[in-house]
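There are 2 protein chains.
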Amino acid sequence: MNIIITNSSGLPIFEQIENAIKEAIFSDELKEGEMLPSVRSLANELKISFLTVKRAYDELEKAGFIKTVQGKGSYVLPKNLDLIKEEKLKEIQEHIEKIYEISKLSNISKDEVNEMFKMIFEEEL
Amino acid sequence: MNIIITNSSGLPIFEQIENAIKEAIFSDELKEGEMLPSVRSLANELKISFLTVKRAYDELEKAGFIKTVQGKGSYVLPKNLDLIKEEKLKEIQEHIEKIYEISKLSNISKDEVNEMFKMIFEEEL
DNA sequence: TCATCTGTTATATCTGAATTATAACACTTT
DNA sequence: AAAGTGTTATAATTCAGATATAACAGATGA
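One line per chain: the protein sequences are A and B, in this order.
Numbering of the first sequence is given in my numbering, commencing with residue 1 and proceeding in unit increments.
Numbering of the second sequence is given in my numbering, commencing with residue 1 and proceeding in unit increments.
Hints are supplied without guarantee of correctness; some may be wrong.
For chains that are exact copies, the list does not tell them apart, and a pair is met inside one copy or across any two.
[Unchecked claim] Straight-line alpha carbon distances no greater than 20 angstroms define the calculated EDC-like cross-link-like pairs of lysine to aspartate or glutamate that follow:
#1 118 with 58
#2 104 with 28
#3 88 with 115
#4 67 with 122
#5 85 with 115
#6 104 with 18
#7 118 with 18
#8 85 with 45
No wet-lab data here; the hints were simulated from the structure.
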């Protein structure tokens, strides 16, 4: 597990763990069926409480990324592409909403934003 | 003052006040030299503590939007639009770049992003 | 000058979220 | 049985945000 916890990120620890594991799943660093570290071992490794790790795992399970079995541990569920796309679309939506807030606050026109959008996305051609 | 405080916004009250006033300044609803409501009167109006309003005003002063004078009150400073806009455009650009990265990695088409963009920006009617 | 607006400061408290420590319990595997 | 898993309950801590209250200080107009 390649999880780095920052106090300056603004995100609570359990969310940082969540995100790191999601990233690992997206990038196939963690594959379907693979076991995650036990809550206690990861807690020891990160020098945090196992309850915090458990919270992260609970959220990941609720979101459909992993499955936890008492006495055994947690393992990665088959990637649900739709689910992943949902996640990514939600991330994008949050960015757009922030852009919307900024533009509204700063009197920046929709057209100006659209122009930047085109500029950056045209780059790939 | 047209400030609406929501408990569901996720933002602390003092930030909601900050944003509302920034928005009013950008939209010229509040003009240069104009007095803001006193900390106590706005606090009464919003049914919150004057300390919370003071915090919002303090942040606005630190950010260069208003000036507060003891015994008198707070008034709107001259807008430095170019500088502010430059900063805001840079913030927006960073968001768009993140969107670009996400969409590229997740195989989300430019059109899909564009659709979300329209959805969110059309909301304002 | 006095009353009454303004903002300022200090102290203490409350609340909720995040996090922790600890202990006891339950399931699985060897 | 032992040693690993996860689970649950309880209590405590920390921190940010927000509050209440009181006392202080500057501005202003009657």
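> How do residue 118 and residue 18 come out at 20 angstroms by Cα distance, when the copy is not named: within, between, both, or neither?
Replying inline: Classified as neither: same-chain Cα gap 27 angstroms, cross-chain 30 angstroms, threshold 20 angstroms.
> Is it within, between, both, or neither for residue 88 and residue 115, if the alpha carbons may be no more than 20 angstroms apart?
Replying inline: between (23 angstroms within a copy, 15 angstroms between copies)
> When no copy is named, should residue 67 and residue 122 be tagged within, between, both, or neither for a Cα gap of at most 20 angstroms?
Replying inline: The answer is neither: 35 angstroms in one copy and 40 angstroms across copies each exceed 20 angstroms.
>> Cα distance capped at 20 angstroms. Does residue 85 pair with residue 45 within a copy, between copies, both, or neither?
In response: neither (31 angstroms within a copy, 45 angstroms between copies)
>> Treating 20 angstroms as the Cα threshold, decide for residue 85 and residue 115: within, between, both or neither.
In response: between (25 angstroms within a copy, 15 angstroms between copies)
> Is it within a copy, between copies, both, or neither that the alpha carbon of residue 104 lies no farther than 20 angstroms from that of residue 28?
Replying inline: Between copies only: 13 angstroms across, 39 angstroms inside.
> At most 20 angstroms between C-alpha atoms: does residue 104 with residue 18 qualify within a copy, between copies, both, or neither?
Replying inline: Between copies only: 14 angstroms across, 32 angstroms inside.
> Should residue 118 paired with residue 58 be assigned to within, between, both, or neither, using CA atoms and 20 angstroms as the limit?
Replying inline: neither (36 angstroms within a copy, 35 angstroms between copies)
Violated hints, in rising order: 1, 4, 7 and 8; the structure is consistent with all others.
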